[in-house]
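S.K.: Listed below are the residues making up each chain.
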Amino acid sequence: MPNAMPVLIGLVIAYGLIRRVPLYDAFVRGAKQGLGVAVDVLPFLVAMLPVIALMEASGAMAFLVRFLGPVLTALGIPAETLPLMLLRPLSGSASLAMLERTLTLVGPDSYAGRVASTLMGSSETIFYTAALYLGAAGVRRSRHAIPAAILAWLAGSIAAGWVCRIF
Amino acid sequence: MMSFAWATLALTGVAFAMAGGLGGEVPGTMLRAAMDAVSLAIRLAGGFAFWSGLMAIVEDSGLARSLARLLAKPLSRLFPGVPMAGEAGQAITMNLTANILGLGNAATPMGLKAMRLLGGEARDAVATDAMCLFLVLNASSVQLLPTSVIALRAASGSAEPASILLPTLIATTISTVVGVAACILLTRRGRHA
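Line order of the protein sequences matches chains A and B. Counting in our numbering, the first sequence tops out at residue 1350, every number present. Counting in our numbering, the second sequence tops out at residue 210, every number present.
Please keep in mind that the hints were generated in silico from the structure rather than gathered at the bench. Ideal Cβ placement from N, Cα and C applies to all residues, glycine included. You may find that some hints are simply not true.
Listed next, with one range per pair, are the computed distances between beta-carbon atoms [what the hints assert, rightly or not]:
1) B:E104 - A:L1251: 41 to 47 Å
2) A:K1215 - B:G41: 39 to 45 Å
3) A:K1215 - B:L39: 42 to 48 Å
4) A:L1288 - B:G40: 22 to 28 Å
5) A:R1249 - B:R60: 29 to 35 Å
6) B:S56 - A:R1202: 37 to 43 Å
Please model the entire structure based on the sequences and the hints provided.
M.R.: If you want it as structure tokens, here you go:
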């Protein structure tokens, strides 16, 4: 697996060369957009990281993990990822801030750190997406859409706990 | 909803800090975290820019169009009532293609358009089967490359930031399959009831 990323990057560049894409210009244009994303995310990080730090320093986070953690552990998901799991369906930038704290606490290459990363990458902001999409279509009764999305998220989370044990 | 979550976190933290006699540390803790947020954003900016640059090459090389062609057949199975060549079908295909490639900026406007077009046939503001399934596909991640997670892992000093690629792909596939299956099963149950 360590070669997956370099191969992918090589393929993207080689394919771009074959299709005669002005590679350098395209890359620079995209990079500029990416910088914009970092700027867009910054206010959310400034909003979330202090309240997360407060939850940690005050002992509230440890309290939460002690009481709700066993539920996750029973499902095969490390208890340290609980705060991330709670924030993930609500907001992408808030959970990015939470993932940063989790990785700093448990280490990015530890089992819990890899599960947290997998959780983050394999799920979406369910409630935000639902609110946005249903609002746009003027839908008030979403029927089974939300339960199905939550089931998908749970299945992905449990899978993350198991898959990280294998790989 | 986010206001409520944010306020809950802040108030719980303040209450716990005061109960534990740590009230004096609250301002320092919060301000240090705010400063950390800025340095984190700066470290993340490099990774975001790099991936976004590569994705721009993917976009320009027409990979998105090839992927959209590839998706047309399975999608027409999932959305039996929606002709994939029609306007709504096109919007669905383009939204999912952008999501798979992680082009969030392109995905959302297309998704909203698809939802509005699908909504044209909805009665009394009730979501149709197609709308539910489309929402579930968008709410369960289908992104192939978790670029922002890889950038964040690199910023956190991971020795192998991309090592979560395969686990993420597997977890995301399981999640999407379960979501689609749940959607189809719940649709059937709704019809028989």
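S.K.: Which hints from the list above does the structure break, by number from lowest to highest?
M.R.: No numbers; nothing is violated.
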